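**Q** Produce the entire structure from the sequences given, and follow the hints as far as they go.
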Amino acid sequence: NAGVMQNPRHLVRRRGQEARLRCSPMKGHSHVYWYRQLPEEGLKFMVYLQKENIIDESGMPKERFSAEFPKEGPSILRIQQVVRGDSAAYFCASSPPGQATYNEQFFGPGTRLTVL
Amino acid sequence: GQQVMQIPQYQHVQEGEDFTTYCNSSTTLSNIQWYKQRPGGHPVFLIQLVKSGEVKKQKRLTFQFGEAKKNSSLHITATQTTDVGTYFCAGPAYSGAGSYQLTFGKGTKLSVIP
Chain S
439 NAGVMQNPRH
449 LVRRRGQEAR
459 LRCSPMKGHS
469 HVYWYRQLPE
479 EGLKFMVYLQ
489 KENIIDESGM
499 PKERFSAEFP
509 KEGPSILRIQ
519 QVVRGDSAAY
529 FCASSPPGQA
539 TYNEQFFGPG
549 TRLTVL
Chain C
531 GQQVMQIPQY
541 QHVQEGEDFT
551 TYCNSSTTLS
561 NIQWYKQRPG
571 GHPVFLIQLV
581 KSGEVKKQKR
591 LTFQFGEAKK
601 NSSLHITATQ
611 TTDVGTYFCA
621 GPAYSGAGSY
631 QLTFGKGTKL
641 SVIP
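The listed protein sequences derive, respectively, from chains S and C. Just so we're aligned: the first sequence equals residues 439 to 554 in the working numbering. Just so we're aligned: the second sequence equals residues 531 to 644 in the working numbering.
Keep in mind the hints are simulated off the structure, nothing from the lab. Keep in mind the model is a prediction, meaning the values are calculated, not measured. Note that beta-carbon positions come from the ideal geometry of N, C-alpha and C, so glycine has one too. A portion of the hints provided could be inaccurate.
[Stated by the list, open to error] Okay, the calculated beta carbon distance ranges per label pair:
no.: 1; chain 1: C; residue 1: 581; chain 2: S; residue 2: 516; range: 38 to 44 Å
no.: 2; chain 1: C; residue 1: 629; chain 2: S; residue 2: 516; range: 18 to 24 Å
no.: 3; chain 1: C; residue 1: 592; chain 2: S; residue 2: 522; range: 39 to 45 Å
no.: 4; chain 1: S; residue 1: 542; chain 2: C; residue 2: 592; range: 14 to 20 Å
no.: 5; chain 1: C; residue 1: 542; chain 2: S; residue 2: 488; range: 18 to 24 Å
**A** Printed below as a string of structure tokens:
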């Protein structure tokens with residue numbers, strides 16, 4: 439049973455370009471979360487999705503950031519017109535169906551985004 | 531909003547010494563989770579505590595949840611070099627948008643000197 443998969447593992451973009459980060463949850467998991475981690479910092483919640491639905495995007499900047507989890511295919515976190523401050527590690531996590539606050543989360547290996 | 535604080539931020543120990551990290555929440559938690567992140571790696575779930583005063587052990591690791599469910603600790607006995615990494619606690623907090631989301635502490639980074 440494969441774990442949570444994320445790609446790419448490393449992504450370099452120039453200021454103003456778009457970054458697309460992909461996440462495939464573990465098989466059977468219906469909850470997907472995206473987090474951002476700055477160096478020497480904890481993880482900051484960005485968005486929580488279920489299939490075809492954004493449940494909670496309160497941690498995501500309102501401009502330039504968007505997320506989706508389509509019926510088919512991976513979840514995608516999209517950052518438009520990237521700026522240097524977007525450089526960070528972005529982790530996706532998934533959890534099984536059920537009460538989300540009591541479920542452990544399984545993290546993917548992350549995408550390290552560097553904006554030049 | 532809810533804050534989850536961890537101390538210390540860094541800890542250097544000699545191999546074989548014990549290590550403890552403390553986690554404090556500004557609000558009562560329904561549960562608390564602990565994760566470990568190796569250098570360059572991703573967070574890996576260690577344990578969840580739910581009951582007031584709960585104590586759980588995993589080999590050399592002992593986890594406690596306070597009576598008031600606002601604090602927690604992780605204690606490692608006789609550290610080994612394989613224990614190196616950052617240990618995070620996380621508790622659910624109301625996001626303000628209709629759901630509870632995990633709020634992570636900043637973590638305690640453990641270095642073990644062989």
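**Q** Each hint: holds or not?
**A** Going through the hints against the structure:
Checked against the given bound of 38 to 44 Å, the beta carbons of residue 581 of chain C and residue 516 of chain S, roughly 41 Å apart, stay inside it. Checked against the given bound of 18 to 24 Å, the beta carbons of residue 629 of chain C and residue 516 of chain S, roughly 21 Å apart, stay inside it. Between residue 592 of chain C and residue 522 of chain S the beta carbon distance is about 42 Å. The supplied range of 39 to 45 Å therefore holds. As the Cβ distance of residue 542 of chain S to residue 592 of chain C is approximately 19 Å, the hint placing it in 14 to 20 Å holds.
In this structure, residue 542 of chain C and residue 488 of chain S break the distance hint of 18 to 24 Å, their C-beta atoms being roughly 42 Å apart.
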